[in-house]
Structures are given as structure tokens and as C-alpha cells.
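> Here's the letter readout for the chains.
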Amino acid sequence: MTTVFTLPEASTHAARVDGIFAILVVVSALTLALVFGLLVTFAIRYRRGSNAKRGRLPEIVNREFEVSWTAATGFLFVFLFWWAASADVGALTAPTNALEVHVLAKQWMWKTQHSNGAREIDELHVPLGQPVRLVMTSQDVIHSFFVPAFRIKQDVLPGRNTETWFKATKLGVFPLLCAEYCGTDHSAMRGRITVMGEDDYARWLSRQPEGDDLAHLGAKLFVSQGCSGCHAASSSVHAPKLNGLYGRTVQLSDGRQLKADDAYLRDSILQPKRDIVAGFEPLMPSFAGLLDDGEVQSLTAYIRSLGQEQDHE
Amino acid sequence: MTDATALLREPWERFERQQRAGKFGIWIFLASETLFFGALMLTYAVCRVEHPDAFAAAGRATNIWFGTINTAILLTSSLTIAVASQAAAQSERSRTLVLTCLGLTAALGFAFIVVKGFEYKEDIDKHLVPGAGFALSEAAAQLFYGLYWLVTGVHAIHLTIGIVLVVRLIVLGATRRIRLRENPEIEVTALYWHLVDIVWIFLYPLIYLPGRAS
Amino acid sequence: MSDVVLAGELPFPPRPDYLRAGSTLASWLTTTDHKRIAILYALTITVFFFMGGAAITAVRLELFVPNGWFLSSDTYNRLFSFHGIIMVWFFLVPSIPNTFGNFLMPLMIGAPDVAFPRLNLFSWYLTLVGGVFAVYTLIAGGVDTGWTFYTPFSTMFSNTHVLTAAAAVFVVGFASIATGVNFIATTHMLRAPGMTWFRLPLFVWSIYATSIVMVLSTPVLAISLMLVVAERWLGLPIFDPARGGDPILFQHLFWFYSHPAVYIMVLPAMGVVSEIIPCFARRRLFGYDFMVYAIIAIAGIGFFVWGHHMFVSGQSPYASLIFSFLSFVIAVPSAIKVFNWTASLYRGQISFNSPMLYALGFVGLFTTGGLSGLFLASIPVDVHVTDTYFVVAHFHYIMVGGSVSAFFGALHFWWPKITGKMYPESWAQFAAITMYFGFNMTFLPQFFAGYLGMPRRYHTYPAEFQVYNVMSSAGAAVLAAAYLLPLMYLTWSLLHGKRAPNNPWGATGLEWTTTSPPPPNNFDIQPLVDRGPYQYHAERESAGTDAPEVQNARSLR
Numbered sequence: 001m002t003t004v005f006t007l008p009e010a011s012t013h014a015a016r017v018d019g020i021f022a023i024l025v026v027v028s029a030l031t032l033a034l035v036f037g038l039l040v041t042f043a044i045r046y047r048r049g050s051n052a053k054r055g056r057l058p059e060i061v062n063r064e065f066e067v068s069w070t071a072a073t074g075f076l077f078v079f080l081f082w083w084a085a086s087a088d089v090g091a092l093t094a095p096t097n098a099l100e101v102h103v104l105a106k107q108w109m110w111k112t113q114h115s116n117g118a119r120e121i122d123e124l125h126v127p128l129g130q131p132v133r134l135v136m137t138s139q140d141v142i143h144s145f146f147v148p149a150f151r152i153k154q155d156v157l158p159g160r161n162t163e164t165w166f167k168a169t170k171l172g173v174f175p176l177l178c179a180e181y182c183g184t185d186h187s188a189m190r191g192r193i194t195v196m197g198e199d200d201y202a203r204w205l206s207r208q209p210e211g212d213d214l215a216h217l218g219a220k221l222f223v224s225q226g227c228s229g230c231h232a233a234s235s236s237v238h239a240p241k242l243n244g245l246y247g248r249t250v251q252l253s254d255g256r257q258l259k260a261d262d263a264y265l266r267d268s269i270l271q272p273k274r275d276i277v278a279g280f281e282p283l284m285p286s287f288a289g290l291l292d293d294g295e296v297q298s299l300t301a302y303i304r305s306l307g308q309e310q311d312h313e
Numbered sequence: 001m002t003d004a005t006a007l008l009r010e011p012w013e014r015f016e017r018q019q020r021a022g023k024f025g026i027w028i029f030l031a032s033e034t035l036f037f038g039a040l041m042l043t044y045a046v047c048r049v050e051h052p053d054a055f056a057a058a059g060r061a062t063n064i065w066f067g068t069i070n071t072a073i074l075l076t077s078s079l080t081i082a083v084a085s086q087a088a089a090q091s092e093r094s095r096t097l098v099l100t101c102l103g104l105t106a107a108l109g110f111a112f113i114v115v116k117g118f119e120y121k122e123d124i125d126k127h128l129v130p131g132a133g134f135a136l137s138e139a140a141a142q143l144f145y146g147l148y149w150l151v152t153g154v155h156a157i158h159l160t161i162g163i164v165l166v167v168r169l170i171v172l173g174a175t176r177r178i179r180l181r182e183n184p185e186i187e188v189t190a191l192y193w194h195l196v197d198i199v200w201i202f203l204y205p206l207i208y209l210p211g212r213a214s
Numbered sequence: 001m002s003d004v005v006l007a008g009e010l011p012f013p014p015r016p017d018y019l020r021a022g023s024t025l026a027s028w029l030t031t032t033d034h035k036r037i038a039i040l041y042a043l044t045i046t047v048f049f050f051m052g053g054a055a056i057t058a059v060r061l062e063l064f065v066p067n068g069w070f071l072s073s074d075t076y077n078r079l080f081s082f083h084g085i086i087m088v089w090f091f092l093v094p095s096i097p098n099t100f101g102n103f104l105m106p107l108m109i110g111a112p113d114v115a116f117p118r119l120n121l122f123s124w125y126l127t128l129v130g131g132v133f134a135v136y137t138l139i140a141g142g143v144d145t146g147w148t149f150y151t152p153f154s155t156m157f158s159n160t161h162v163l164t165a166a167a168a169v170f171v172v173g174f175a176s177i178a179t180g181v182n183f184i185a186t187t188h189m190l191r192a193p194g195m196t197w198f199r200l201p202l203f204v205w206s207i208y209a210t211s212i213v214m215v216l217s218t219p220v221l222a223i224s225l226m227l228v229v230a231e232r233w234l235g236l237p238i239f240d241p242a243r244g245g246d247p248i249l250f251q252h253l254f255w256f257y258s259h260p261a262v263y264i265m266v267l268p269a270m271g272v273v274s275e276i277i278p279c280f281a282r283r284r285l286f287g288y289d290f291m292v293y294a295i296i297a298i299a300g301i302g303f304f305v306w307g308h309h310m311f312v313s314g315q316s317p318y319a320s321l322i323f324s325f326l327s328f329v330i331a332v333p334s335a336i337k338v339f340n341w342t343a344s345l346y347r348g349q350i351s352f353n354s355p356m357l358y359a360l361g362f363v364g365l366f367t368t369g370g371l372s373g374l375f376l377a378s379i380p381v382d383v384h385v386t387d388t389y390f391v392v393a394h395f396h397y398i399m400v401g402g403s404v405s406a407f408f409g410a411l412h413f414w415w416p417k418i419t420g421k422m423y424p425e426s427w428a429q430f431a432a433i434t435m436y437f438g439f440n441m442t443f444l445p446q447f448f449a450g451y452l453g454m455p456r457r458y459h460t461y462p463a464e465f466q467v468y469n470v471m472s473s474a475g476a477a478v479l480a481a482a483y484l485l486p487l488m489y490l491t492w493s494l495l496h497g498k499r500a501p502n503n504p505w506g507a508t509g510l511e512w513t514t515t516s517p518p519p520p521n522n523f524d525i526q527p528l529v530d531r532g533p534y535q536y537h538a539e540r541e542s543a544g545t546d547a548p549e550v551q552n553a554r555s556l557r
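Residue numbers (the working numbering), protein chains in the order written: chain A, 1 to 313; chain B, 1 to 214; chain C, 1 to 557.
Just so you know, the hints here were simulated from the structure itself, not pulled from any lab data. One or more of the hints may lead you astray.
[Stated by the list, open to error] Label-pair distances were calculated between CB atoms; the ranges are:
(1) C:Ser351 to A:Glu64: 24 to 34 Å
(2) B:Ala213 to A:Arg192: 51 to 61 Å
(3) B:His127 to A:Arg207: 47 to 57 Å
(4) A:Lys170 to B:Pro205: 52 to 62 Å
(5) A:Glu64 to C:Leu494: 41 to 51 Å
(6) A:Arg192 to C:Leu494: 29 to 39 Å
(7) A:Arg47 to C:Ser27: 42 to 52 Å
[Claimed, not checked] Chain C is nowhere near these chain B residues, computed Cβ spacing over 10 Å in every case:
(8) Gly25
(9) Gly103
(10) Ile170
Predicted model, so just to flag it, every value in this text is computed and none were measured. Beta carbons: idealized from backbone N, C-alpha and C, even for Gly.
Just chain A, same shape as in the assembly (with noise of 0.2 Å):
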């Protein structure tokens, strides 16, 4: 629970975040004590009209004293710098077996579904314990999702997916609150996640409304958009064929080579004349405007869903 004078650490991400903003508290207020230390003691000691004693400067002050606590200060900043990015570069990437969560942020609310489909709206269900991967994407301005509770913030961008993730180490309910401007009521575009244990989560989530899940979604807009009629084993058009397309290398016909992940597949859908497979032509026409972000999304889990190419990590 967040009081007045304390946020929770319920992430695994947390106590890092939290391990670097103590240590920059201590060496900042160490700063703060010298720098005020010495200007209290120098304005009494050194007032006007004061017995202390002046007259000649001492021979250490002198250059040799200025580079060298110049110096002191760049170790010790640059220090900080990679203490701090070390811990950042550690947490870029979800582990590979993280549960996938689609976010959708829109003026002024968020929506999220689990990937077996089930949706809510301002609020995340999550386990306990297990790393939760986050795929975000805004049907309108820029928003930010932010649970300060999990020390995570990520800006999600209109016309893009980003990404950030988390493990969760507490049971109970977070806030979560848009952290970037986003109009009229961006106070109020706030949610909350409740983080369950994993059993409690498992029943949970078969008690969602059957909802389909992304691939079956997907499934059905394949058939239903057209995309079967060239890309389906059976079609008589030279299309590239989709199963075990995900995860692949695929190899261009400008020479370039791709790595078939979600941001292909949704190049490939919405801007399909930007990389053409090698040995295709550039027939596909693009579904700019005809998909919206949801349906693009369970295309991509439905093609996902063909077959993968395992990943060697």
C-alpha cells in the first residue's frame, strides 16, 4: 500500500531501482552536508570584521588541488553512471518465459488482454512471481504506463508497439496512472493492477468471459480479410507461406535480412511494399487503414501461432 511516506517495492525490479536511488540519496547528501558545511562554517568564521585569521593563502590551494578534486568528481560521477546503467541493461529484455499481455491505451483509459483473451479495462490481473511482458500500442496520443509500486514506466507510442515487463514479489492491488500528458483527463486515466497468487490468478482467468483469444481472432480475420487467398497452402499465387514464418531470418530481395518478429509481421501487413521477400513480387496490398491495432494484433498472434521457429538464447 502506498502511505504517505512509503511506496512498496513489488517488483523484482524494485529493490534495484530503489538499492540506486539510496545510494545517490547518501552521496548527495554527503555533497549537500560539505557544500552547506563548508559555506555556514566559512560565512561565520570569515564574517567581516572576524578575528579569524587571513592573510597569506595556504600552498595547497592551487591548481594541483583544483584538478585534482575535479578529477575526484569525474571518477566518482562516471562511477555512478555505469553502477546505474549496469543495472538498467540488465533489465532491457523479458525472459522468454514471460506471459504476454496486450495494452491498449486510448483517451482516457487502458485496456488489456491476457493472451488467452480475456480483456479488462483500467485494471491488470496478474500471478504472482511470474515475469509479465508487456506489448503496449495507443489508438490516439501519446500515453506513459506507469505502476510506481513496480519502479516501471513506458511511454506508449500511437502506431507502434513498445514493450516493457515485470515480476511482481507482492500480493495486493497497484496503482496504475498514465504519466504522460495525454488531454483533458489525464488525472483520471488511472487503473489498478492486482497481483494474485498464481493459483488464485489460474482461477481467475478460466472465470473471464469466453472471450477468443488472439489467435482465434485471428484465425477468422485471416479467412475473412483475404489474407487465405494467397498466403493459404492451397493458393495458386506465389505468396510466401506463413507457417513457421515467426522467429525465422527472412531474406529480402533489396539483399537486407529481417528476423520475422511481431514488428515484421506488422510492417509486413500495414507498409507490405517496405520489404519484399526475396524471389516475390511486390503484389500484397496494404491493410493501412482497414485493420485497426487489435485486429493487427491477432493476425499476429494467429501467425505466431503457425509454427515457430525457436529462438537459440
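Starting from the known structure of chain A, fit chains B and C onto it as the hints suggest.
Relative to chain A, chains B and C alone:
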């Protein structure tokens, strides 16, 4: 140089220093203009790296004849204003030469604007204006043309300011309201004109050559 | 020719000072005298300061309770946006450079005026035109994008007066560039004989560096706003993702200017502090050379750290690491300056006149704000506290605790020179102390609220943050009172203050060798410089015990 004192202005005590300060000042201003157009070109560069095919298609839709003619016009105008500036700096040269070259510069600048006007008209007729009914199918081609209209518009505004400055020198010089000989204002105006020209030299390949090089 | 003038000596027949040479409105509105232009700017920025202050007073009143009580969300959003736009571009950026820079630069280098006096007046008129756009925006209903104008909200979603607000900032940006060109040329070309670069007062160095930053960074702001206007008004797709644009591109362009802008706002303040501390400690400034290098380093490195505003924006993590590293590096020269100001007190003869109180307040508050910057430079911590009140506290410590304190310090230090009158010292000391405490009461709680998770730009907030908001709003009331005090006693001093001598503080510097107020052409005799600045005593000695007048009159070789 008793004639030069007519041009001497506060806070300067010596004319030679005032001249140097004027040139120094315009160079600093040109540095800010470089950052100004540089930011626009950086925007273009980022967008082009993101959408190379769309930019190539859009580049092919520009009219390279108009662009090349305009480049020739502008380069020639830089020559004429350079001659005017040199002539003014050397007190033996005739006033007529200075005025003629300034006149040619203004005329060439005006010619550029006229050619640009024809080009804009053609672009509008060919539906190369971003929005509904845009001629090309790639989404990012609209981005190219958005930047095209903006950057050429800003360039044209700068060129128009340059023409006004040159015409001012002509009018005030011809009516003898200001002295042209050794007047630092001429070199300052010439430097500004050269910047506008150099910006165009960068714009030309960015606008007219994508998709045409290979 | 010595640059020391004994008090009371009047070698020339009386002639009007710059305030009295021409008393019509026209003589003021068509002046090319840098000192009069400085006064015009001072009046303008004071009006804007109180306008921006009124906006935030309404905001802080609203924030007494978690769910608001007299403002709608839309009005609240317009108020904080207006506060930011006015305070950054119409108060802080012009404050020290265009008032004190204008007034003092030529005096400090021994010149009769700036290099391009008519351009100087043009800058002021540009500021006015920008101001007209800003006031129009306010009257027409305001803008609600925040001072940062992020896309696509500003280009495609906001229903407020984005175009006129952008126009206001665009125009006033050109005033900035013109000023920068003027000051750079002035520093290069108008120094008095003997005034070499390393004899320049640090205030001149700081204005010079600020001017370079203004000239090189402001054009990029102009472009970023122009692109917003082009998209919003003409429908050109630049940042619209549906048509191939990238909203983050706006952020890069915007922060490429707006980070150096914070150095535009703080470097002149540092220059002021470097003038005040040596005077009231009666000591040479410690480490003059390093102070100069620090100014140049801050101005230079400041161009390469903008991405630290974008750690959570979706920026590449590798870019973030580089920006984080450089942000730590740029903290080093600032730290050096703090150490040098502190060391300049050592073995001094310190008196606590109000300019000194403001300068010492600056050192403390800037150090606090700067240290909070280290937190923000660390990526994992920044991810947690960015877009929260932690950042709001950080930049207010630097810009208000720092720059505004220095502005008031400068106002009091040079008031006698500018107006020829002395202000009542006890009132001034009281105002300085009240300002210091009011400031800390307002902004210290915001560090806590931000760390605990209160986002910025929030009209309503979770109830657990109320205690911090109440403390902050109460502090703001004290701060507001402290700002009103100088308005009153300084105005009083214009009418009833004691006549100021040429050098009431016994300070070094060419501006103190001429009359208070100075004549229109600044110096009756062209100064010739034969020594460096801050020579309050002999080299390697410390402060003497003589009274300032005697110290000043003694030949200091």
C-alpha cells in the same frame, strides 16, 4: 577615408571595425540559419531512411527540369551579387557596375520565384498536395511532399527576404540616399544571399534526385 | 589610466545620465541605448513574470484538495501550459541576458554600446510581438498542450489555440537569436584596450556562452514548432504515424533546443553569482580559469544530452546509455563551479548584504537541484521518477531556486548603478530570507511526492499525496509574498531612496568606475584595462581588513 565617416555609426570609432563587425555578425546569423535548415534536412533524412521506396517514388514525381533551371538561375545570381559586392568594396569600380549587378541579382531571384510558381501550379494540377486525393499510393510519399512544400516554401520566403534586401540597396543606392562604395551592407546582403543559394544546392538533390540516380 | 575612481570626484561638468537624457515616450521607444533597452526588457519580463505567477497560483490553489474544487480539468491544463510557456520563454530566457546582459555587457568591457544597437531594439520589439501572440492565446482561451507541445496531441487532438501559442514562441525565439548575435559580436569586437579574454568578468563569459547556445539551438525550436504548425494548419503529415510519420521525431527536435535552453537559463545566473560573491567576500574568485572552462564545457556538452528527457519515450536503449553518460559528465563542470564559489569564501571578509544572501541561496539551491539531476541521469531511477513531481522539483530548484534567486541578486547588486538609488537593505534581506524558505517549502515536498508516484500535470491526484500538495501550496503562498516585497520596496526606492554613489559596494569591474546611473555613452573617459577581474587583494593573499572605500582607493599592484 573621409567619405567613409558618412557610414560610421554608434558605437564604433573606426569604420574598419564597424565593417568587420557587420561581417562577423552576419556569419553568426548564418550559423543559426544553418541549424535552422539543418533541422529540416535532418527531419527529411530520418523520414527517408525509414521509407526509402516511398521517397524514391515521390522523388521521381518531381519536375527535374524546373528544379535544374532554378538551380542554374540561383547559381548565376550568386555570381552577380558576388561581383556587386567585390565592386562595391573596391572604391575604383563604378557605381553603375554595382547597381547593374544588384539589379541582375534581384531579377534572377525573381525569376526563380516565377519558375517556382509554375512548378507549384504543376504540382497542384498533378495532385501532389498531401491530403485526400493525393496522387501517389505510398503513405510516406505524402510525407515527402509535406516536407517538399514546407522546405521549398521556407526557402522561398528566405529568398524573398533576400530580394527585398537587394532591391532596398538598389533603390537607396540609385537615389543616393546611401553610399554604395565600401558599404558593409552590400557584403552582408551578399553573404545572406549565398546562404540561401547553398541551402538550395543541398535541397536540389534531396528533392529532385531520389529514385532517379540508378 | 587607472580604472579606479575615488568617490565624490566629479571631473566633468554635470550632464544628464541615461535615464534623464530624453524624457519623452518616443525617446524611450526609439532608443538605441542598451541601458534603456535593458529597462524596457525589465518592465516587459516583470509583467510576464506576474502573469505566469498568477497562472500557477490558481494551479496551486486547486491542488490543495485531491479532486479539485474550482477549476475544470480543461482550465487546469491550460493554466499549467500557460505557466510553462510564459515562464520559460517570456521570463527566464530573456531575464538575465536581456536586462542585465544588455545593461552591463558594454559597461563591463568598457564599450559605449553593443555592436548592433538598432538590432537590439528590434529584439525587444520582437519580444513584444511574441508577447502579443501569447496574450492573444490566453484571452482566446489558452493552449493545453503543456509547454512541450508533444505530438500527436498538439497536431491532431488538442482543441485549443496551439497555432497562436506556437507563433508566440517562434517569434520570441528570433528575438533570442538576434540578441545572441549582438552579444557575440559585442564581446569579440568592442572590448576596451587591455581587456583580453582572460581578463573578462565571468558575467561577460557567461553571457557570451549563453549567446552561442541561443544562436545555435533556437533555430531548431523554430523548426520543430513550424512542423507542428504545418501539420496542424496545413495538414502536412510529418508526425502522423498513420501516414508514415514518427511522433518521437518531434521530441528529438524539441529537446535538441530545450535542453541547451536550460543552460541559457542557468549560465547567466552563474555569471551573476560569480560577480557577487567576490565582492561581498572581498576575495578574488577562486580558480578563474577553471570557471571559464566550466562555462564553455557546460555550453558545449549541453548540446549532446537532450535524450535524457526521452529515456521512456521508446528511444533506443543504446542511445539512452550515451545520453545518460554525457549527462553525468556535464555535472562535473557544474560541481566545479560550486566548489569554487565555496572556496572563494575562504579567508574572506564576508558581509551579508541582500545580493550576497541571494548568491549564497543560489549556491545551496543550485547544488540541491543539480544533485537531483544525478538521479535523473541514472536510467533506472529516471524511469521511475520521470514525468512525476520529482522532475518538477528538480527543474524548479535550478530555475527558480537558481536562476530567479540570481536574478534578484543581480537586481539588488546593480540597482544602485541602474537607478542611482539605494534600496532599503533590511527589507531586502528579509525578502531574500523569506524567498529562500518559501521556495524550499514549496518544492522540497515535491521530491517526495514524485518519488512516491505522483505524476506531473495532474489536475486530480490520489489522496495519499495530499499532505505534500498542501505543504507545497502553503509554501507557494510564502514565496508569492516574498516576490511581491521587492516590487514594493524597489518602487519605493525609486521615489525616496538615498542617492547612490558610483561604487556603493566597493566592487571591482568597469561598470563601477562610472557614475550611478551612467551617462548615455557609458564612460566619460575611455577605460584602459591593465589588470584582471576581482582584484580585491594581492595575489596569493586573502581578504584585507580595510574598509571597502580604502581598499578600493589603494593601488592594487
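> Taking the hints in turn, state whether each one holds.
Taking the hints in turn, this is what the structure says about them:
1. C:Ser351 to A:Glu64: 24 to 34 Å: At 31 Å between Cβs, range holds.
2. B:Ala213 to A:Arg192: 51 to 61 Å: Since the Cβ atoms of B:Ala213 and A:Arg192 sit about 56 Å apart, the hinted range of 51 to 61 Å holds.
3. B:His127 to A:Arg207: 47 to 57 Å: Holds, at about 55 Å.
4. A:Lys170 to B:Pro205: 52 to 62 Å: Holds: the Cβ-Cβ distance is about 59 Å, inside 52 to 62 Å.
5. A:Glu64 to C:Leu494: 41 to 51 Å: holds, 50 Å
6. A:Arg192 to C:Leu494: 29 to 39 Å: The hint (29 to 39 Å, Cβ to Cβ) is violated, given that A:Arg192 and C:Leu494 are roughly 59 Å apart.
7. A:Arg47 to C:Ser27: 42 to 52 Å: holds, 46 Å
8. Gly25: Incorrect as stated: the minimum Cβ-Cβ distance to chain C is 5 Å, not above 10 Å.
9. Gly103: At about 27 Å from chain C, B:Gly103 clears the 10 Å cut-off, so the statement holds.
10. Ile170: Correct as stated: the minimum Cβ-Cβ distance to chain C is 21 Å, above 10 Å.
Of the numbered hints given earlier, the model fails hints 6 and 8; all others are met.
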